[in-house]
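**Student:** Here numbering that gives the first Met the number 0 is used: position 16 in the sequence shown is 15, and no number is missing along the way.
Some hints here could point you the wrong way.
[Said to hold, decoys possible] Lysine to aspartate or glutamate pairs mimicking EDC-like chemistry, simulated, CA-CA at most 20 Å apart: (1) K22 to E63; (2) K19 to E34; (3) K31 to D8; (4) K22 to E59; (5) K19 to E81; (6) K22 to E84; (7) K22 to D58; (8) K31 to E59; (9) K19 to D35; (10) K19 to E52; (11) K31 to D66; (12) K19 to E63; (13) K19 to D8; (14) K31 to E18; (15) K19 to E59; (16) K22 to D38; (17) K19 to D58; (18) K22 to E52.
[Stated by the list, open to error] With beta-carbon atoms standing in for the labels, derived distance ranges: (19) Q28 to N73: 31 to 41 Å; (20) L76 to C45: 20 to 30 Å; (21) L85 to Q62: 28 to 38 Å.
For the record, the hints were derived by calculation from the structure and aren't laboratory data. We treat Cβ as the ideally placed atom computed from N, Cα and C, and that holds for glycine.
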Amino acid sequence: MAKDLELFDNKIIILYILEKNSKALTIEQIAKFCEDFEDITYFDICSYIQELESNGYIDETYQESGDILYGITNSGLSTLHELLELIP
Numbered sequence: 000m001a002k003d004l005e006l007f008d009n010k011i012i013i014l015y016i017l018e019k020n021s022k023a024l025t026i027e028q029i030a031k032f033c034e035d036f037e038d039i040t041y042f043d044i045c046s047y048i049q050e051l052e053s054n055g056y057i058d059e060t061y062q063e064s065g066d067i068l069y070g071i072t073n074s075g076l077s078t079l080h081e082l083l084e085l086i087p
């Protein structure tokens, strides 16, 4: 149960990071924001991104340079705002 709660919290952190930035971010940029969290690795972030995207909370955009950028969707925004109200 504690591991599930940790995964849930970490996904909220990813959504929060995407919401607070004015532009979409690469996985590397998201990982840079998460450096202070000891329990989130680069591989965890990749997994969270994949899950959040498959559930429609974030989407990806391809740039001409080949970079993949991730941004939060309207569904992700509304879910994030609802969840943030529950967090003390």
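**Student:** Each hint: holds or not?
**Tutor:** Results for each hint:
1. About 16 Å separates the Cα atoms of K22 and E63, which keeps this hinted pair within 20 Å; it holds.
2. With a CA separation close to 17 Å, the supplied pair K19 and E34 stays within the 20 Å bound.
3. Of the supplied pair hints, the one linking K31 and D8 holds, its CA atoms being roughly 18 Å apart against a limit of 20 Å.
4. Restraint check for K22 and E59: the C-alpha separation of about 12 Å stays at or below 20 Å, so the hint holds.
5. Taking the CA atoms of K19 and E81, the gap is near 16 Å; set against the 20 Å cutoff, the hint holds.
6. A threshold of 20 Å between alpha carbons decides the hint, and for K22 with E84 the separation of about 24 Å lies outside it, so the pair is violated.
7. Proximity of K22 to D58 is assessed by CA-CA distance (about 12 Å); at most 20 Å being required, the pair is judged to hold.
8. Only pairs whose Cα atoms come within 20 Å are accepted, and K31 paired with E59 is accepted, the gap being roughly 18 Å.
9. Taking the CA atoms of K19 and D35, the gap is about 17 Å. The hint holds against a cut of 20 Å.
10. At most 20 Å may separate the alpha-carbon atoms for a hinted pair to count; K19 and E52 meet this at roughly 18 Å.
11. At roughly 16 Å between alpha-carbon atoms, K31 and D66 fall within 20 Å of each other, so this suggested pair holds.
12. A hinted pair counts as satisfied when its Cα atoms are at most 20 Å apart, and K19 with E63 does not qualify at roughly 24 Å.
13. Taken as a hint, the K19 and D8 pair is honoured in the structure, with Cα atoms around 16 Å apart against an allowance of 20 Å.
14. For the given pair, K31 sits about 16 Å from E18 by alpha-carbon distance, which is consistent with the 20 Å threshold.
15. With a C-alpha separation of about 17 Å, the suggested pairing of K19 with E59 holds against the 20 Å cut-off.
16. For the given pair, K22 sits about 26 Å from D38 by alpha-carbon distance, which is inconsistent with the 20 Å threshold.
17. Pair hint K19 plus D58 holds up; C-alpha atoms about 16 Å apart against a cutoff of 20 Å.
18. At most 20 Å may separate the alpha-carbon atoms for a hinted pair to count; K22 and E52 meet this at roughly 17 Å.
19. Taking the beta carbon of each, Q28 and N73 are about 22 Å apart, not inside 31 to 41 Å as hinted.
20. The given range of 20 to 30 Å is respected by L76 and C45, whose C-beta atoms sit roughly 22 Å from each other.
21. Judged by the Cβ atoms, the range 28 to 38 Å given for L85 and Q62 holds: they are separated by roughly 35 Å.
Of the hints listed earlier, those the structure fails to meet are numbers 6, 12, 16, 19, in rising order.
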